[in-house]
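Asker: Keeping their order, the protein sequence lines are chains R and V.
To convert, take the position in the first sequence, counting from 1, and add 29; that gives our numbering.
To convert, take the position in the second sequence, counting from 1, and add 29; that gives our numbering.
FYI, nobody ran anything at the bench for these hints, they're computed from the structure.
Check the hints yourself; a few may be wrong.
Repeated chains share a single entry, so a pair holds when one copy, or any two copies, can fit it.
Using 25 angstroms as the maximum straight-line C-alpha spacing, the simulated DMTMM-like pairs for lysine to aspartate or glutamate come out as follows [as the list claims (entries may be wrong)]: (1) 256 with 395; (2) 57 with 332; (3) 104 with 72; (4) 104 with 405; (5) 104 with 477; (6) 54 with 493; (7) 256 with 473; (8) 169 with 315; (9) 110 with 347.
In case you want the letters, here they are:
Number of protein chains: 2
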Amino acid sequence: MNAPDPQAAWLPDTPRREVPEALIKALKTRFASQCSTALAVREQHGRDESAFTHVPPPAAVVFAESTADVADAVKLAAAHKVPVIPFGTGSSLEGHLLAVQGGISIDVARMNRVLSVNAEDLTVTVQPGVTRKAVNEAVKTDGLFFPIDPGADASIGGMAATRASGTNAVRYGTMRENVLALEVVTAQGNVIRTGTRAKKSSAGYDLTRLMVGSEGTLGIITEVTLKLYPLPEAISAATCQFPSIEAAVRTTIQIIQMGIPIARCELIDAATVRAVNAHSKLGLREAPMLLMEFHGSPTGVHEQAELVQDIAAEFGGESFEWATAPEDRTRLWTARHNAYFAAVQSVPGCRCITTDACVPISRLADAVLTAVAEADAAGLPYFLVGHVGDGNFHMGYLIDPDNADERARAEHLNHQLVARALAMGGTCTGEHGVGLHKMGFLVDEAGEASVAMMRAVKHALDPDNILNPGKIFSL
Amino acid sequence: MNAPDPQAAWLPDTPRREVPEALIKALKTRFASQCSTALAVREQHGRDESAFTHVPPPAAVVFAESTADVADAVKLAAAHKVPVIPFGTGSSLEGHLLAVQGGISIDVARMNRVLSVNAEDLTVTVQPGVTRKAVNEAVKTDGLFFPIDPGADASIGGMAATRASGTNAVRYGTMRENVLALEVVTAQGNVIRTGTRAKKSSAGYDLTRLMVGSEGTLGIITEVTLKLYPLPEAISAATCQFPSIEAAVRTTIQIIQMGIPIARCELIDAATVRAVNAHSKLGLREAPMLLMEFHGSPTGVHEQAELVQDIAAEFGGESFEWATAPEDRTRLWTARHNAYFAAVQSVPGCRCITTDACVPISRLADAVLTAVAEADAAGLPYFLVGHVGDGNFHMGYLIDPDNADERARAEHLNHQLVARALAMGGTCTGEHGVGLHKMGFLVDEAGEASVAMMRAVKHALDPDNILNPGKIFSL
Numbered sequence: 030m031n032a033p034d035p036q037a038a039w040l041p042d043t044p045r046r047e048v049p050e051a052l053i054k055a056l057k058t059r060f061a062s063q064c065s066t067a068l069a070v071r072e073q074h075g076r077d078e079s080a081f082t083h084v085p086p087p088a089a090v091v092f093a094e095s096t097a098d099v100a101d102a103v104k105l106a107a108a109h110k111v112p113v114i115p116f117g118t119g120s121s122l123e124g125h126l127l128a129v130q131g132g133i134s135i136d137v138a139r140m141n142r143v144l145s146v147n148a149e150d151l152t153v154t155v156q157p158g159v160t161r162k163a164v165n166e167a168v169k170t171d172g173l174f175f176p177i178d179p180g181a182d183a184s185i186g187g188m189a190a191t192r193a194s195g196t197n198a199v200r201y202g203t204m205r206e207n208v209l210a211l212e213v214v215t216a217q218g219n220v221i222r223t224g225t226r227a228k229k230s231s232a233g234y235d236l237t238r239l240m241v242g243s244e245g246t247l248g249i250i251t252e253v254t255l256k257l258y259p260l261p262e263a264i265s266a267a268t269c270q271f272p273s274i275e276a277a278v279r280t281t282i283q284i285i286q287m288g289i290p291i292a293r294c295e296l297i298d299a300a301t302v303r304a305v306n307a308h309s310k311l312g313l314r315e316a317p318m319l320l321m322e323f324h325g326s327p328t329g330v331h332e333q334a335e336l337v338q339d340i341a342a343e344f345g346g347e348s349f350e351w352a353t354a355p356e357d358r359t360r361l362w363t364a365r366h367n368a369y370f371a372a373v374q375s376v377p378g379c380r381c382i383t384t385d386a387c388v389p390i391s392r393l394a395d396a397v398l399t400a401v402a403e404a405d406a407a408g409l410p411y412f413l414v415g416h417v418g419d420g421n422f423h424m425g426y427l428i429d430p431d432n433a434d435e436r437a438r439a440e441h442l443n444h445q446l447v448a449r450a451l452a453m454g455g456t457c458t459g460e461h462g463v464g465l466h467k468m469g470f471l472v473d474e475a476g477e478a479s480v481a482m483m484r485a486v487k488h489a490l491d492p493d494n495i496l497n498p499g500k501i502f503s504l
Numbered sequence: 030m031n032a033p034d035p036q037a038a039w040l041p042d043t044p045r046r047e048v049p050e051a052l053i054k055a056l057k058t059r060f061a062s063q064c065s066t067a068l069a070v071r072e073q074h075g076r077d078e079s080a081f082t083h084v085p086p087p088a089a090v091v092f093a094e095s096t097a098d099v100a101d102a103v104k105l106a107a108a109h110k111v112p113v114i115p116f117g118t119g120s121s122l123e124g125h126l127l128a129v130q131g132g133i134s135i136d137v138a139r140m141n142r143v144l145s146v147n148a149e150d151l152t153v154t155v156q157p158g159v160t161r162k163a164v165n166e167a168v169k170t171d172g173l174f175f176p177i178d179p180g181a182d183a184s185i186g187g188m189a190a191t192r193a194s195g196t197n198a199v200r201y202g203t204m205r206e207n208v209l210a211l212e213v214v215t216a217q218g219n220v221i222r223t224g225t226r227a228k229k230s231s232a233g234y235d236l237t238r239l240m241v242g243s244e245g246t247l248g249i250i251t252e253v254t255l256k257l258y259p260l261p262e263a264i265s266a267a268t269c270q271f272p273s274i275e276a277a278v279r280t281t282i283q284i285i286q287m288g289i290p291i292a293r294c295e296l297i298d299a300a301t302v303r304a305v306n307a308h309s310k311l312g313l314r315e316a317p318m319l320l321m322e323f324h325g326s327p328t329g330v331h332e333q334a335e336l337v338q339d340i341a342a343e344f345g346g347e348s349f350e351w352a353t354a355p356e357d358r359t360r361l362w363t364a365r366h367n368a369y370f371a372a373v374q375s376v377p378g379c380r381c382i383t384t385d386a387c388v389p390i391s392r393l394a395d396a397v398l399t400a401v402a403e404a405d406a407a408g409l410p411y412f413l414v415g416h417v418g419d420g421n422f423h424m425g426y427l428i429d430p431d432n433a434d435e436r437a438r439a440e441h442l443n444h445q446l447v448a449r450a451l452a453m454g455g456t457c458t459g460e461h462g463v464g465l466h467k468m469g470f471l472v473d474e475a476g477e478a479s480v481a482m483m484r485a486v487k488h489a490l491d492p493d494n495i496l497n498p499g500k501i502f503s504l
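Next comes chain R alone, as it looks inside the complex (with noise of 0.2 angstroms):
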């Protein structure tokens, strides 16, 4: 008798449906070579960077190359109601990419142009293929820049689905405040538009918003209008070692409560900047770090820039170190988007299960210092990274993704950490989205009535049940 899959009692129990030989037939006969049902290629489509690493892989993964090339693939799959899951780079981390109930993929990678750049207007409109750092590319020289940056370079798409957002949401917001419009394709295969490029709408339910953070499971993104911001004109980073966790936690309540408009508060634990300065050759020294930035007029930033020091004294704060190049920023924020995987990477073998819980300002010293004590107690490696400015945090706790033992007392840390920050008036993610994992933890926090009113949203637009199914909630 084999053991049981010690991943397994982890996962919703959700049956698998058949991909009948016609569908893979008639894909064959529409994509050509566009379709692929190669092992490595499905297998390569069938997870994502979440602890989950046993869920069998979808049947195709079609290589869409335009909006008609999403709505046939979704229209063929709807006429024998098998599964489709979109994906963009893979780097989704709560198991949203899993083919949990069998399907094929739709891999939008290839839909990578941007498709125009309203430079005068503060917007731009790109396939859901093209990565947050290629539309960062697109609009430099109109002196724009979009700020959205979770760590990995994801897609747009994806961004949007999952309603991302990463280190300077503190400032500029998530994708909920940033994608202005969507193109859509339903399950029925049809295209739709949401939103305008206008800066504002009252024009109706806000399908724009309904469609960010579903996680492909209302609709497949097509194309994404984002806004953009204009290159500030001066840009500061600085980092600040404290004595402890605490004392970083608390210069950053104080920053937010004042209202000074930092762009960046970025908090690392010690063993995350042990970790950062040996993936990214940084020489960082090893405490608690707060990595800021501060943008605006030259004097507005130095003003900032004043404040936040004055505060940090205050709570035994050391000396800034400034990086004012471009160059030497750049080197801070990549060690710091890469600081995941070189957490990752300090353990050998590992998987990560990472918790996202988002508080109010005022109770995030509370949820930060009990979540690292009782991660100290249970005596597992872990990592300790947020986006404190916005009372969100992650806890990376890394395991052996086959030992059941390490995954329980993780899986036992999280959703202690999730209780809690749910008791504080707080959500158990604050950007990664819940995917497989977090179902459980979206009745504790929405409740059952409110659930009950997305499955009626999801059952009314995919009455079939085709679009990414199994995710967010039990259907």
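Put chain V on the given structure of chain R with help from the hints.
Answerer: Chain V alone, transformed into the frame defined by chain R:
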């Protein structure tokens, strides 16, 4: 034979439903003196600030004092499949409150308690009948403010339901960005919660933003949690007159394209300045004017003001008149907020057909100047005000509500203006909502397929179509 109703041609054709005596009796039993069937009360609840004055009122008005009252009223109405229309302060502009299919009005004005001010988290939770001014009264001693300010002292519930904004949106966003969480009574009379007090979240479908802007058609809002902001250290307001509307608009475009974080940037045309002078006893020079406000540190405000003065000078803007003392600023902004009423009162007996287009900022001069030229040619009295920093402007055509010819000419101007805004990538409504009056425009803007998706959501959540039926789209 009676003459045909001159207003009916501009209203959607929707059947009126019967309100059975049994429901009225049940409401009187449950609500006693909180339920009124007096004609004057019903008539007051059957109209708003729109130019529709002939729709018969609701059959009864329930004055809800709690969430339980709202839920019970909805349950009783639902049992008879009778429409319910939530009512705040009656200040909406597009016929949202009119009982076009009959039914009962649920007035939430008595639900006017500020439930909790969380100053440390920059949030406040209020009942829906609290007005925007009452929110600001409640939080000012904590050094905080709530920026969203439609002209009227509207209720927070109504503002959420219409996705309202106002003069501060250029810097602080609209109700879309500033509502964190809601309590909502569903069509079944259940109570759900959406969102949390966390600043950001990726926890499932964004029901908060689905409800914001749904105009009472998906649920009745019974509690709202809002973002607050620290009162700026320095605030300066200024007026500046321009030789033409074009000069004022081109100044605005350049301010926005340069990314100057202006807090308010309002256009008022010469005729409206005249009406405002008469109404609010101000002595402003009667020329096209920008009314601006700057928020920040003293040096930041100074910097912004210098930049804006330089830009204005390039376009012939005359010397700035500054208002730094709070009472002077209040006088100016009160006058601005009363501009609509001042203009309407300038033509005795008139009603106003107000446009609300919002366009990408680069197209604003075209949009405004063509609208002005067309209105001048049409010979109707009108006013022009605009939240031009957002690309949003209002032409108000002042008509005799029973003069079919004037109405037809005003509607023709409105249709031309909206068609142009949509062709520019804009929206038919920046902040007033669709209501009865923009249902056709919504289809033009969003497309049939997108409106079909809205209808599917509506049908899923309110299968008997009792929540403010006949608004946003035909159903």
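Asker: Determine for every hint whether it applies to the structure shown.
Answerer: Cross-check of the supplied hints:
For a Cα distance limit of 25 angstroms, the shortest separation of residue 256 from residue 395 across copies, 22 angstroms, qualifies, whereas the shortest one inside one copy, 35 angstroms, does not. In this assembly of identical chains, residue 57 and residue 332 lie within 25 angstroms of each other by CA distance neither inside one copy nor across copies; the values are 61 angstroms within and 62 angstroms between. Proximity of residue 104 and residue 72 under a CA criterion of 25 angstroms is satisfied intra-copy only: 24 angstroms inside one chain copy versus 51 angstroms between copies. Taking CA atoms no more than 25 angstroms apart as the test, residue 104 paired with residue 405 passes in neither setting, with 51 angstroms inside one copy and 51 angstroms between copies.
Proximity of residue 104 and residue 477 under a CA criterion of 25 angstroms is satisfied inter-copy only: 19 angstroms between copies versus 32 angstroms inside one chain copy. Within a single copy, residue 54 and residue 493 get their C-alpha atoms as close as 21 angstroms, which meets the 25 angstroms cut-off; across copies the closest is 43 angstroms, which misses it. Proximity of residue 256 to residue 473 under the C-alpha cut-off of 25 angstroms is restricted to the inter-copy arrangement: shortest distance 23 angstroms between copies versus 33 angstroms within a copy. For the identical chains of this complex, residue 169 and residue 315 are neighbours neither inside a copy (34 angstroms) nor across copies (43 angstroms), given an alpha-carbon limit of 25 angstroms.
For the identical chains of this complex, residue 110 and residue 347 are neighbours neither inside a copy (60 angstroms) nor across copies (67 angstroms), given an alpha-carbon limit of 25 angstroms.
In the structure shown, a violation is registered for the earlier hints numbered 2, 4, 8, 9, in ascending order.
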